[in-house]
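6 protein chains.
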Amino acid sequence: MKILLVNPNTTASMTATAAHAARLVAAHGTDVVAVTSSMGPVSIEGYYDEAFAVPGLLLEIAAGEKAGAQAAIIACFDDTGLDAARAMANIPVIGLCEAALCAASFIAQRITIVTTMERSRLPLERLVYRYGMSGRTKVRAADIPVLSLEDPSSNARARLCQQMELALREDRAEAIVLGCAGMADLTADLRKEFGVPVIDGVAAAVKQAECLVALGLTTSKVGAYASPIHKPYLGALTPFSPEVIMA
Amino acid sequence: MKILLVNPNTTASMTATAAHAARLVAAHGTDVVAVTSSMGPVSIEGYYDEAFAVPGLLLEIAAGEKAGAQAAIIACFDDTGLDAARAMANIPVIGLCEAALCAASFIAQRITIVTTMERSRLPLERLVYRYGMSGRTKVRAADIPVLSLEDPSSNARARLCQQMELALREDRAEAIVLGCAGMADLTADLRKEFGVPVIDGVAAAVKQAECLVALGLTTSKVGAYASPIHKPYLGALTPFSPEVIMA
Amino acid sequence: MKILLVNPNTTASMTATAAHAARLVAAHGTDVVAVTSSMGPVSIEGYYDEAFAVPGLLLEIAAGEKAGAQAAIIACFDDTGLDAARAMANIPVIGLCEAALCAASFIAQRITIVTTMERSRLPLERLVYRYGMSGRTKVRAADIPVLSLEDPSSNARARLCQQMELALREDRAEAIVLGCAGMADLTADLRKEFGVPVIDGVAAAVKQAECLVALGLTTSKVGAYASPIHKPYLGALTPFSPEVIMA
Amino acid sequence: MKILLVNPNTTASMTATAAHAARLVAAHGTDVVAVTSSMGPVSIEGYYDEAFAVPGLLLEIAAGEKAGAQAAIIACFDDTGLDAARAMANIPVIGLCEAALCAASFIAQRITIVTTMERSRLPLERLVYRYGMSGRTKVRAADIPVLSLEDPSSNARARLCQQMELALREDRAEAIVLGCAGMADLTADLRKEFGVPVIDGVAAAVKQAECLVALGLTTSKVGAYASPIHKPYLGALTPFSPEVIMA
Amino acid sequence: MKILLVNPNTTASMTATAAHAARLVAAHGTDVVAVTSSMGPVSIEGYYDEAFAVPGLLLEIAAGEKAGAQAAIIACFDDTGLDAARAMANIPVIGLCEAALCAASFIAQRITIVTTMERSRLPLERLVYRYGMSGRTKVRAADIPVLSLEDPSSNARARLCQQMELALREDRAEAIVLGCAGMADLTADLRKEFGVPVIDGVAAAVKQAECLVALGLTTSKVGAYASPIHKPYLGALTPFSPEVIMA
Amino acid sequence: MKILLVNPNTTASMTATAAHAARLVAAHGTDVVAVTSSMGPVSIEGYYDEAFAVPGLLLEIAAGEKAGAQAAIIACFDDTGLDAARAMANIPVIGLCEAALCAASFIAQRITIVTTMERSRLPLERLVYRYGMSGRTKVRAADIPVLSLEDPSSNARARLCQQMELALREDRAEAIVLGCAGMADLTADLRKEFGVPVIDGVAAAVKQAECLVALGLTTSKVGAYASPIHKPYLGALTPFSPEVIMA
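Residue numbers (the working numbering), protein chains in the order written: chain C, 1 to 247; chain U, 1 to 247; chain D, 1 to 247; chain A, 1 to 247; chain F, 1 to 247; chain S, 1 to 247.
Hints listed in this document are in silico derivations from the structure and should not be mistaken for laboratory results. Check the hints yourself; a few may be wrong.
[As the list claims (entries may be wrong)] Below 30 Å or equal to it, Euclidean Cα-Cα: the simulated DSBU-like pairs (lysine-lysine) are: (1) S:Lys138 with F:Lys221; (2) C:Lys138 with S:Lys66; (3) D:Lys221 with D:Lys231; (4) C:Lys2 with U:Lys2; (5) F:Lys138 with A:Lys221; (6) S:Lys231 with U:Lys138.
The structure displayed is predicted, hence computed values, not measured ones.
With these hints in hand, go ahead and build the complete structure from the sequences.
Given below as C-alpha cells:
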C-alpha cells in the first residue's frame with residue numbers, strides 16, 4: 001500500500017519529522033511517500049498562510065495520485081485545503097486534526113487540543129465544530145511559534161507541558177491531542193509523563209489512511225466532492241486548471 | 001494482533017456473518033476471535049433488548065481481555081453497552097455505528113444510515129447525535145426484522161434498496177451506512193449497484209481496532225471511563241461485581 | 001392512587017430515605033410503594049454499575065405494574081434504565097433527574113446540579129443534554145461516595161455546601177438540584193441556608209407521577225417506546241424475556 | 001390550595017372553556033380561580049396581540065397573588081408575558097406550552113404541537129427552542145382562527161384532525177399537544193380517535209401548578225427573575241409601576 | 001431620508017444622548033427624528049420594565065410611520081418590542097443589539113457585550129442566541145444602574161472599563177459592544193483607550209436603517225410579521241387595537 | 001468614500017454586472033472601484049475553484065487598500081477567501097453571503113437562498129451555519145451553471161423562479177436571497193413577481209461597507225485576524241509573502 005504524506009508548508013525538516021512519525025506506525029507493507037510543498041509559506045500560522053499553502057499542496061496530491069498513491073495525508077494540523085483536495089482527488093484525503101479527533105473519540109469523552117499560536121486557536125475551534133466534536137473538545141494555545149519546535153534551545157516543550165497540565169486540571173481532559181505536526185516526536189514521552197492518552201495527528205492519519213484503503217473506500221463523487229468542472233484558469237494559475245492538473 | 005468480536009445477541013449464525021466480514025478486511029497478522037453472548041435476546045430491537053444484551057456482552061469482553069485480546073468490538077449497530085464496556089476494560093472498545101460513521105466522515109459530507117426496524121431508528125438518532133454527526137446524517141428504517149436478514153426468501157434486500165434509493169434522492173446522501181451487523185455481506189454488491197460508498201460497521205470497526213492498537217492507545221482511565229469501584233453486587237448478579245468479573 | 005418507587009441499587013437504607021422523602025410530599029390518597037432491587041450493585045457510581053442495576057429494576061417495575069401501580073419512579077438520579085422501562089411498561093415511568101430539572105425549569109433560568117462523584121458528572125451532563133437543558137444547567141461533583149451520605153461522621157454535607165456556594169457565585173445558579181436520591185432529607189435545611197430553591201429529585205418525581213396519572217397519560221406505544229417484541233432470551237437471562245416478564 | 005388561572009385575552013367564553021378543563025383535573029382541595037383579563041385583544045394571534053395582552057394579565061396575577069393564590073397559570077398557549085410575570089410575582093407562574101411539553105416529555109420522544117394560525121407557528125417554534133425541545137418537537141398550524149374554535153359550524157375540528165394525521169404519518173409523532181387553550185375540551189375525544197397521548201396545556205398547567213406548590217417551590221428571586229426595581233412609570237401606565245402594582 | 005428613533009423609556013435626557021450619537025453618524029441627507037415614549041418606565045431594567053415599555057414604543061412607531069419615517073430604531077439595547085413592532089409596521093424596524101452584533105460580526109470573530117445590570121444579562125443572552133451569535137459572543141454586566149450613566153459623580157465609567165479589561169483578557173474578545181443606549185458617547189474614548197473596535201448600538205442602528213432604506217427593503221408581510229388582524233381591544237387598551245393604531 | 005469591489009473569478013463581464021448593481025445603490029459620494037482578478041478560474045463552482053480564486057483576490061485587495069480603498073467587497077456569493085483577506089487587510093472586508101443574510105435578518109424570520117449549482121449548496125450551508133443563520137435559512141440549488149446566467153437563451157431565469165416558488169411554498173420563506181453575484185440584475189423584477197423581499201448580495205455588501213466605514217470600524221487586529229507574520233514564501237508564491245504583498 002502506498003500512502004502519500006504532503007507537508008503543505010515548505011520546510012523540509014518538518015516533513016522529515018512527520019515522515020519519521022508516520023513510518024513508526026505504518027503497517028508492514030505500507031510505503032509512506034513524504035513530500036514537501038514546492039511553493040508557499042515556510043510555516044502555516046493563521047488564515048493567510050493557509051490560503052497560500054493550498055496550491056502547492058494540491059499539486060503534490062495530484063502528482064501523488066497519478067504516481068499510484070492510494071491515499072493522501074495533509075501533514076498540517078489545520079487540515080489546510082482538505083475540501084479542495086477531496087474534490088480534486090479520487091483517493092481518500094485525510095487531515096491530521098480530523099484523524100486525531102477520530103482516534104481520541106474512541107478512547108475518551110473529553111479531549112483537549114494543545115496547539116502552537118493563539119492565531120491558530122480560532123481556526124482549530126472551527127474545525128472542531130465541523131468534525132462534530134465541540135461538545136467535548138477544548139483548544140489551547142501554548143504560544144509557541146511553529147518553527148521554534150525544531151529549536152532545542154527554545155522553551156517550547158515547557159510551554160506545551162504547562163498547557164497540558166491546565167488541560168487535565170481545568171478542562172478535565174481525558175486525552176490530549178497535539179495540535180501541530182511538528183510535535184509528533186514528543187508523543188511517547190508525554191504519554192509517560194502525564195499518564196493519559198496523548199495523540200499525534202500524523203500517526204493517527206497514517207492508520208486512518210490504511211483503514212480506508214483496506215475498506216476499499218474512496219471519496220464520494222456525488223455532491224460536495226464532485227470532481228471540479230473543466231474550465232479555463234487564467235494567468236499565473238493556468239497550470240492549476242482542473243483539466244491540466246488532473247491530466 | 002488479537003481482536004475480540006463479541007456478538008451481543010445470542011444468535012450464532014449472526015456471529016458467523018459478522019466474523020466473515022471481519023476476517024475479509026483484517027490485516028495479515030490480525031487474529032479475529034469471534035464469540036456469541038451466552039445469555040440474553042436472540043436479536044436486539046429497541047431499548048429493552050439492549051438492556052439485556054449488556055451482561056452477556058461484558059462477560060465476554062472481560063474474558064477476552066484476560067485471554068489477551070488487544071481490542072474489543074461490539075458487533076451490534078446499536079453500540080449496546082459501549083460506555084459500560086469502556087469503563088470495565090483497559091483495551092479499546094469499538095462500536096459498529098461509531099466506527100462506520102467515522103469512516104464515512106472522511107469520504108462524504110452527507111450520510112444516510114439504513115437500519116432494520118422503526119423502533120431502532122430513534123436510538124440510532126441519539127447515537128448519531130452523540131458522535132457529533134447529527135448535522136450531516138439521516139437515519140432510515142427499512143422495516144426489516146433483524147433475523148429476516150438471514151432468510152433468503154424474505155424481501156429484506158428489496159426493502160433495503162428502496163430506502164437507499166430514497167436516501168440518494170431525498171437526503172442527497174453521498175455515502176450509505178448499513179445499520180445492522182447482519183447486512184455486512186451485502187456491502188460489495190450494493191456499492192456496485194448504487195455507485196456511492198457503502199459502509200459496513202463490522203469491517204469499519206475491525207480496521208479502527210487495528211488502528212488504535214497500532215497507535216498504542218487504550219481507553220483513558222481518567223474521568224468518564226475510570227475503572228468501576230469494587231463493591232458488592234447482590235443476588236443473581238453477584239458474578240458481575242467488578243471485583244469478580246475483573247479478577 | 002398507587003405509585004411505585006424502585007430503588008435500583010440494593011441498599012435498603014437508601015430506599016427508606018427515598019420513601020420518606022416521597023411520602024412527605026405525596027398527596028392525600030397517594031400510596032407510595034417503595035421497593036429495593038433484589039440484585040445488582042449496592043450503589044450506582046458510573047456506567048458499569050448502571051448496566052447491572054437495570055435487570056433488578058425492570059423486574060420490580062414489571063411486578064409493580066401487575067400489582068396495580070399507576071406510575072413508576074426510578075429512585076436514582078442517573079435515570080438508570082429509563083428507556084428500557086418505558087418500552088416495557090404501559091404506566092408512566094419517571095426519572096429523578098428529569099423530574100427535578102422539569103420542576104426547576106418553571107422557577108429559575110440557570111440551574112446547577114450538585115452530584116456525588118466525578119465519574120457521575122459526565123453521565124449526568126449527557127442526561128442534561130437529553131432533557132434539553134444544557135443551555136442553562138451546570139453539573140458539579142462534590143467528591144462524595146454515595147454510601148457516605150448515610151454516615152453522619154463523613155464530611156459529605158460540608159462538601160455539598162461548598163459546591164453549592166460555588167454554584168451560586170461562579171455559575172450564577174438561580175436554583176440548585178440535589179443530584180443523588182440519598183441527599184433528599186437535606187432539602188429543607190439547604191433551602192433555608194442558601195435562600196434559593198433547592199430541589200430533590202425524589203419529591204419532584206412523586207408529584208410528576210401524580211400529575212401524569214391525574215392527566216390520564218400513559219407512555220406512548222408508538223415509536224421509541226413500542227412494547228418489546230416477544231422473542232427468546234437465552235441462558236441466565238431467560239426470566240427477562242418480554243413474554244415471561246410481562247406475563 | 002388556590003390556583004389562579006388568567007385568560008390573557010378578553011373573551012370570557014374562552015376563560016370558561018379553560019376553567020372547565022382546569023377543574024376536571026384539579027385535585028380534591030384545589031380551588032381554581034379563573035379570571036378574564038379586563039383589557040386588550042379578544043384573541044391572541046401573533047406578536048402584536050401578545051404585547052397588548054401582557055398589561056391586563058399582569059394586573060390579574062398581581063391581584064391574585066395578593067388575594068392568596070399560591071400559583072398562577074397563563075391560560076394562553078403562547079406563554080404570553082411569562083418572564084415579566086415571573087419577575088413580578090413570588091408565586092410560581094406556569095405557561096401552557098411549557099407545561100404541556102413537560103408532560104409530553106415523560107411519555108414520548110417525538111411530539112407535534114398543532115396550533116391555530118400560521119402566524120402563531122413561528123412564535124411557538126421559538127418557545128419550543130427555549131424549553132429545550134427543538135430536537136424532538138414539530139409545530140403545525142391548522143389554519144383555524146382562534147375564535148372559530150367556539151363556533152360549531154366551522155370546520156375547525158376537521159382541520160385539526162387533518163394536521164394530527166399528518167403529524168403521526170410524516171413527523172412520526174408519538175404524542176400530540178393541542179396548541180391553543182380553546183382546544184381543551186377536544187382532548188378526550190382525540191385520544192380515543194388517534195390512539196396516542198393527546199395533551200391539553202390547561203390541564204397540564206393545573207397539575208404542574210399543584211406540583212410546584214406541594215414541593216414548596218417559588219420563583220427564584222436571584223438573577224433573571226429578581227423583583228422589579230421600584231421606579232416611576234409615566235403617563236397612562238403609572239398604575240403598572242412596580243411600587244403601585246405590587247403594593 | 002427620514003429615520004425615526006424611539007427611546008422606549010420615558011427619560012428625555014437619554015433620548016438626547018441617543019439622538020446625538022445618531023446624528024454624528026447619519027449620512028448627509030438623513031433626518032433623524034428622535035422621540036421619547038410618553039408612557040411607561042423611566043429606564044428598562046429586566047423583563048418587567050420591558051413589558052411596559054412596549055405600548056408607548058408602538059404608539060410612537062405607528063405615528064412616525066404615518067408621518068413619513070422610512071425606518072424605525074428602537075433605542076434600547078434590549079430590543080424591546082421588536083417583533084410586535086415589525087408585525088405592526090411596514091417600514092423596517094431595527095434593534096440596537098441586533099445592529100451592533102451585525103456590525104461586529106464583520107470585523108471580529110469573538111465579541112463581548114458589556115451591559116449595565118446583572119438582571120439584563122440573561123435577557124441579552126437570549127437575544128444573542130436569537131441573532132445566531134451565541135457561539136462567539138459573551139455578555140458581561142458592569143453592575144451600573146441605567147440612570148447612573150448620566151451622573152458624572154458615579155463610578156459607572158470605571159466599572160465599565162473593568163469589565164472591558166476582563167473581556168479582552170478572559171473572553172479573548174476581539175471587539176466590544178456597549179450594551180446600553182446610554183453609553184453611546186463613550187465609544188470614541190474607549191476605542192482609543194483599549195485599541196480594539198468598540199461598537200455603540202445607536203450608531204450601528206442608524207447606518208443599518210439607512211442601508212435597508214437604500215436597498216428598498218421593507219419588513220416581509222408573509223409569515224411571522226404578517227400585519228395584525230383587525231379585532232377589538234377592550235378596556236384601557238382600546239386605542240392600541242390594530243384598526244385604531246394603524247388607521 | 002472609496003469602496004473596492006473585487007470579482008474573484010476572472011470573467012470581466014460578471015464584474016460589470018456586479019459593478020452595475022453596486023453603483024445603483026451606492027450613496028452619493030461613494031466611489032465603487034470594480035476590478036477583476038487577474039488569475040484563476042473563470043467561474044467559482046465548488047471547493048476547488050474557490051481555492052484558486054484566493055490568490056488573485058488577495059492581490060487586488062492588497063493593491064486596493066494601498067490605493068486608498070476604505071473597504072473591500074468580495075463579489076462572489078461563496079465569500080471566497082474572506083478570512084485570509086481579513087487577516088491581511090486593515091480595512092473592513094465584506095462577503096456577499098454574509099451581507100445579504102445580515103440584511104435579510106432585519107426584515108424576515110425565515111430565509112431561503114437560491115444558488116446556482118448543487119455543488120455550491122453544501123459550501124453555502126456551511127457559511128450559513130458560520131453566520132449563525134442555520135436555524136432560519138435554507139439553501140436551494142437551481143441547477144444553473146454560473147456562466148449561463150449571462151446567456152439570455154438559457155432557461156436560467158425559469159429555473160430560478162421555480163426554486164423561488166418552492167421556497168415560498170415548502171420552506172415558508174419570508175424573504176429570498178439570490179445566491180450568486182451574477183443574479184444581481186434580476187432583483188427588482190423578482191421582487192415584483194413574488195411579492196416578498198428579494199435580496200442581492202452585491203447591493204447589500206455595498207451598503208454594509210458604507211455602514212462600517214461611516215462607523216469608523218476596521219477589522220480587529222487582535223486574535224483571529226491578527227496580521228500575517230512576516231516569513232518567507234517559496235517558489236512561485238514568493239510575491240504573496242506578507243512582507244511583499246503588504247509592502
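Legend entry - Satisfaction of hint between D:Lys231 and D:Lys221, Cα-Cα up to 30 Å: Distance ~18 Å between D:Lys221 and D:Lys231 Cα, so the pair holds.
Inset, instruction - Could you grab the alpha-carbon distance between C:Lys138 and S:Lys66 and see if it respects the 30 Å cut-off? - result: Violated - the C-alpha atoms of S:Lys66 and C:Lys138 are around 39 Å apart, more than 30 Å.
Legend entry - Agreement of C:Lys2 and U:Lys2 with the hint, judged by alpha carbon distance not exceeding 30 Å: holds (25 Å)
Legend entry - Satisfaction of hint between U:Lys138 and S:Lys231, Cα-Cα up to 30 Å: Cα-Cα ~45 Å, so violated.
Inset, instruction - For the pair supplied as a hint, F:Lys138 and A:Lys221, confirm whether the alpha-carbon distance does not exceed 30 Å. - result: Answer holds: F:Lys138 to A:Lys221 is near 23 Å, not above 30 Å.
Legend entry - Straight-line alpha-carbon gap S:Lys138 to F:Lys221, limit 30 Å: holds (19 Å)
Checked against the numbered hints above, the structure violates hints 2, 6; every other hint is satisfied.
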